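A.B. asks: The two chains are supplied separately, each in an independent frame; assemble them into the complex guided by the hints.
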Amino acid sequence: MDTSIWRPILYLIGFMAFAGVNAAWLGWAERKGAAHIQRRNGPKEVGPFGLWQPLADGIKLMTKQLLIPSGTDDILFRIAPILAMIPALTSMVVIPFSGNIQARSIDMSVLLIFALASIGMFAILLGGWASGNKYAVISAARVVSQSIAYEIPMLITVITIVMITGSTNLQDIALAQQGGFWHWNIFRLEGGHFVYMWIAFLIYFICSVAETNRAPFDMAEAESELVAGYMTEYGSMGFGLFMMGEYLNIVVGACMTTILFLGGWGSPFGFLPGIWWFLIKIYILIFTIIWIRWTYPRTQIYKLLNLSWKILIPFSLVNLLVTAAFIKVF
Amino acid sequence: MQATICQTAVNPSLFSAEGFVGLIFLATIALIVVGALIATTSKRLVRCVAGLAVCFTGLAGAYYFLLSPFIAMMQMLIYVGAVSIIIAFAIMLATPENEDTAEIKGAGLAGPLGFSLGALFFSALTILGLKTHWQVFPRQGTGNLKQIGTDLLTRHAMVFELISIVLLMAILGAVVLARKGRD
Numbered sequence: 001m002d003t004s005i006w007r008p009i010l011y012l013i014g015f016m017a018f019a020g021v022n023a024a025w026l027g028w029a030e031r032k033g034a035a036h037i038q039r040r041n042g043p044k045e046v047g048p049f050g051l052w053q054p055l056a057d058g059i060k061l062m063t064k065q066l067l068i069p070s071g072t073d074d075i076l077f078r079i080a081p082i083l084a085m086i087p088a089l090t091s092m093v094v095i096p097f098s099g100n101i102q103a104r105s106i107d108m109s110v111l112l113i114f115a116l117a118s119i120g121m122f123a124i125l126l127g128g129w130a131s132g133n134k135y136a137v138i139s140a141a142r143v144v145s146q147s148i149a150y151e152i153p154m155l156i157t158v159i160t161i162v163m164i165t166g167s168t169n170l171q172d173i174a175l176a177q178q179g180g181f182w183h184w185n186i187f188r189l190e191g192g193h194f195v196y197m198w199i200a201f202l203i204y205f206i207c208s209v210a211e212t213n214r215a216p217f218d219m220a221e222a223e224s225e226l227v228a229g230y231m232t233e234y235g236s237m238g239f240g241l242f243m244m245g246e247y248l249n250i251v252v253g254a255c256m257t258t259i260l261f262l263g264g265w266g267s268p269f270g271f272l273p274g275i276w277w278f279l280i281k282i283y284i285l286i287f288t289i290i291w292i293r294w295t296y297p298r299t300q301i302y303k304l305l306n307l308s309w310k311i312l313i314p315f316s317l318v319n320l321l322v323t324a325a326f327i328k329v330f
Numbered sequence: 331m332q333a334t335i336c337q338t339a340v341n342p343s344l345f346s347a348e349g350f351v352g353l354i355f356l357a358t359i360a361l362i363v364v365g366a367l368i369a370t371t372s373k374r375l376v377r378c379v380a381g382l383a384v385c386f387t388g389l390a391g392a393y394y395f396l397l398s399p400f401i402a403m404m405q406m407l408i409y410v411g412a413v414s415i416i417i418a419f420a421i422m423l424a425t426p427e428n429e430d431t432a433e434i435k436g437a438g439l440a441g442p443l444g445f446s447l448g449a450l451f452f453s454a455l456t457i458l459g460l461k462t463h464w465q466v467f468p469r470q471g472t473g474n475l476k477q478i479g480t481d482l483l484t485r486h487a488m489v490f491e492l493i494s495i496v497l498l499m500a501i502l503g504a505v506v507l508a509r510k511g512r513d
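Chains A and B, in that order, give the protein sequences. Start counting the first sequence at 1; every next residue gets the next number (this note's numbering). Start counting the second sequence at 331; every next residue gets the next number (this note's numbering).
Rather than coming from a laboratory, the hints here were simulated on the basis of the structure. Quick caveat, the model's predicted, so the values are computed rather than measured. It is possible that part of the hints are untrue.
[Claimed, not checked] DSS-like, lysine-lysine: derived pairs with alpha carbons at most 25 Å apart: (1) K510/B <-> K303/A; (2) K510/B <-> K310/A; (3) K328/A <-> K476/B; (4) K134/A <-> K373/B; (5) K64/A <-> K44/A; (6) K303/A <-> K134/A.
Chain B on its own, in the form it takes in the complex (with noise of 0.2 Å):
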């Protein structure tokens, strides 16, 4: 079913199941940026976190319109139900509520330079998306679970045996952290 949405019409009527299929991916990237914005403009840091999951879960509604189902199950599985989980039990342990935030020198700069450096990021993103001549290239794969397990023990395989060093790594740093604080 997902292999024809970029095939079908140009103009799908609205009723029509195209139609319908372009509305829910229109409605997933209104996800993702209402959720950043969310994110990063809120004053609560709660909130904050609350946003950053509404853009995950349309983060993965973007990664099952680019037909891999998998990481977009991953993506709710492990962004949505344990980093902005983790993120939002740190900070309740961390912060008193409703503490003002402590002044930073040069504070009112952060805004118009952070604005000013994002436009010209936009905007070269921009002009390179629309000058560049895209190659469409023909999919590789199934995107299901049997072609990506092969392809992580066998292509992919140092990666991933890096991947769960790195893992492995952090894990211990974390219980060394967290020991010190016992004796």
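For reference, chain A alone in the conformation it holds in the complex (with noise of 0.2 Å):
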């Protein structure tokens, strides 16, 4: 093992740098998204196509003042929006960016960064209790049954990848992908998996969607119903830290879903694996995450959990279980 320290910094700094960007840019990106489809320029002003609004739009959150509004829990209040940071910025840690950019290859990471995806509901909840206000509380119940309802299909369809490639190292399932689309989880050939892996990754993306609170699964957040949730009470950088624990939850997100089902790092053709690929693929399910929120309205809450409970639970078993046969019989 190494044990330069300098390795450890330069992964902080690494990360922080593109946690960071991510979080301010996609912001800009949403925006730009949603004023498109919605036949709109979005932000245009600051900068060239409005590039540096991010960077006004944090100035101005940093310069308001940080209110707590009487009858809030105010430690709670406080605590929350930091811990809402907390477990994207540390699963960077295990995320493998190439076959040789990653801070630590940990034997467990798959488990480690669901474990850590726990806080951020937490977070959630104790923001969401802790402003003293109905709407925010009523969020806070929603977060919770809606990621406890959607865990379950998630880590069961994340047993079934663990299953097949043999190990819950991140890096061992990129590996187990490479060389070519063929042979990535989604579309692999080997084993007969190739019929049914689709639907395996159709469960994991709408779970992955809901675990991030993006519509049309933002239940928590719900403007037209909830003012804003959790996030009702919270001004200046609260809410400045909400958003970016939103956003990097989704980059997360998008780069488990990549290296779960399409590849990791591995390029589509054979040729020139490489962190280039990871990231386009991880951008181009950011897109599509945005592409769907502003495309889809708003589901009910109901309809939101009869989904998980009636539809991905069932269909996430029987994936299980035809798994488990398939590599049994091949």
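C.D. replies: See the structure below:
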């Protein structure tokens, strides 16, 4: 093991920069994407194509007063936005951006990411409750029921991938899919999994959209019903941290989908594998998530729960059984 | 890396790798204690749950130091991610905020009684811990996923099956209880 002190420091700086740039400019990408989907211009005043808009927004958010409304639980109210950032930033440690760009390749990196994701849910729960606002409390309750409902099919689907690869190490899962798109888990030719793996991919992708609280599953925010849900009482950088946490969760979700199903950093045609393919894949996924948000209207909470408990969980369980049978037979 | 922790120098420098690891170990222990204190002394129930979650996080760290990273991950995933959240959920649904707690008979006794019993238990454990001649057992297994899976389905298959029956019964019980309210 490399014990040089510079390695962790460099990775820390690199990941912080990656996270910060993504958190800031995905906000821009979302506004721009939304605008073009709705035939508007979007941000265009600050810099070319409004590219400096995130900087202006950041300065504005940071210079605003940090208001703590009376009637809130002030300690939890302060902690919640910080907690919202922790899981996404920490998850970056185990994500293999390419064959050799990974801070630590630990054995149970898949489990680590899902273990950390639960902290993000806790942040929204505490933030919503601490606001002392009825809408925020309803939103916190929704987040819990939604996250628990969608964690189950998500984890079951991940188990199928772990079974196929035989490892819970993300690096190994990515390595097993190298050399052309026909090796990717989504259309894997060997073992006969290609027949139905796209169903697993769909289940996983729907769950990851739901887990990151994105429309059409953003029941926690639901501005038409709940003002802004758990973010109602937050202003200035508290709100900023929640937004950054949301975008970072999307990035981590896209990274996980890429590694589990789309071959990680492998190239689709078998040449030049590397970090660029990884980045291309995650940004295509992120664009898809933005695209979905501005295309489909928000569902209702009971429909959302029905989708998980009555459709996704049975499908993922059948998928698990079929995968086990395929592994045993072939 | 972890296997070497217990065998290296007795008083490592703070800036060496071992010293740093020791510092992190102390931090996890502090997390457990602070979390437990918040969970037991806080007046607001949601803060108690937050303290419980902090305590569970510290426990996950302790499991990691006990060379079982899998249990540590599961501790985070199940106890922080599911159990504390379900408790918080139940509290938010059940109690109105800032409601005065009902007077319980002899509530004044609870503090001193609990404290003395706790002190007794603590001192008994401390004496036991100091008096016992501890044997260091050789490490069994590697603590990795494969080993745990094999053990669960061979040596501990009975326990494994029993646990699943208990969980199934709990689920059925929950469904029965929940259905009563419907009709």
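A.B. asks: What are the numbers of the hints that this structure violates, sorted from low to high?
C.D. replies: none
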